[in-house]
Amino acid sequence: MNQHAMIISPNDYAVPLSVVGVDVTVLTSKDEANGREITLQRGIEGMGPPPHHHDWDESFYVLKGAVHFAAGDQSALCEAGTLVHVPAGTVHAFHFAEGGGEMLEITERGRAVEMFRAVDEWIPPGPPDVPRLLEVLTQHGVTVHGPEGD
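Count along the sequence shown from 1, add 13, and you get the number used in my numbering.
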């Protein structure tokens, strides 16, 4: 793992990954930041993952717009400045509210970036091949809840 200081400017950002309607820019991967992953996520109204869980904690900080979050037994419309923490194993979902939004996502000891890269590689933009998407997510430690999933 990398153990040096980093300064990452917008000119250094990688091309955003397309993750089923959400643009995910990887700011740091676990190999670059001692196990911590940080992504910048942007989406238009209505975009976001269905209810799911995985074995890593996630924290989200809403930067612009608003995002509807549901995690465990809580749900809220989260506007800019809101922090959401989701412990490992907690069923959660979100979708961007009217006008879309932008947020940071931070994980530790997870596989989120690996999963985002796989979805970008194997699931083309547009309506997803749901069985293939579920297969890719399962391979990367994500369990989807709902009609198509668990």
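Read the hints as simulated data drawn from the structure, not as lab findings.
Any given hint could be a false lead.
[Unchecked claim] Pairwise CB distance ranges, derived in the manner of DEER restraints:
no., residue 1, residue 2, range
1, G139, N47, 35 to 45 angstroms
2, D86, M19, 29 to 39 angstroms
3, G112, E148, 26 to 36 angstroms
4, R145, V28, 16 to 26 angstroms
5, L96, G159, 37 to 47 angstroms
6, D86, T156, 23 to 33 angstroms
As the structure is a computational prediction, the values presented were derived from the model and not from experiment.
No residue lacks a Cβ here, since even glycine has one placed at the ideal position from N, Cα and C.
Structure-based check of all given hints:
no.	hint	result
1	G139 to N47: 35 to 45 angstroms	holds, 37 angstroms
2	D86 to M19: 29 to 39 angstroms	holds, 37 angstroms
3	G112 to E148: 26 to 36 angstroms	holds, 33 angstroms
4	R145 to V28: 16 to 26 angstroms	holds, 22 angstroms
5	L96 to G159: 37 to 47 angstroms	violated, 26 angstroms
6	D86 to T156: 23 to 33 angstroms	violated, 18 angstroms
Violated hints, in rising order: 5, 6; the structure is consistent with all others.
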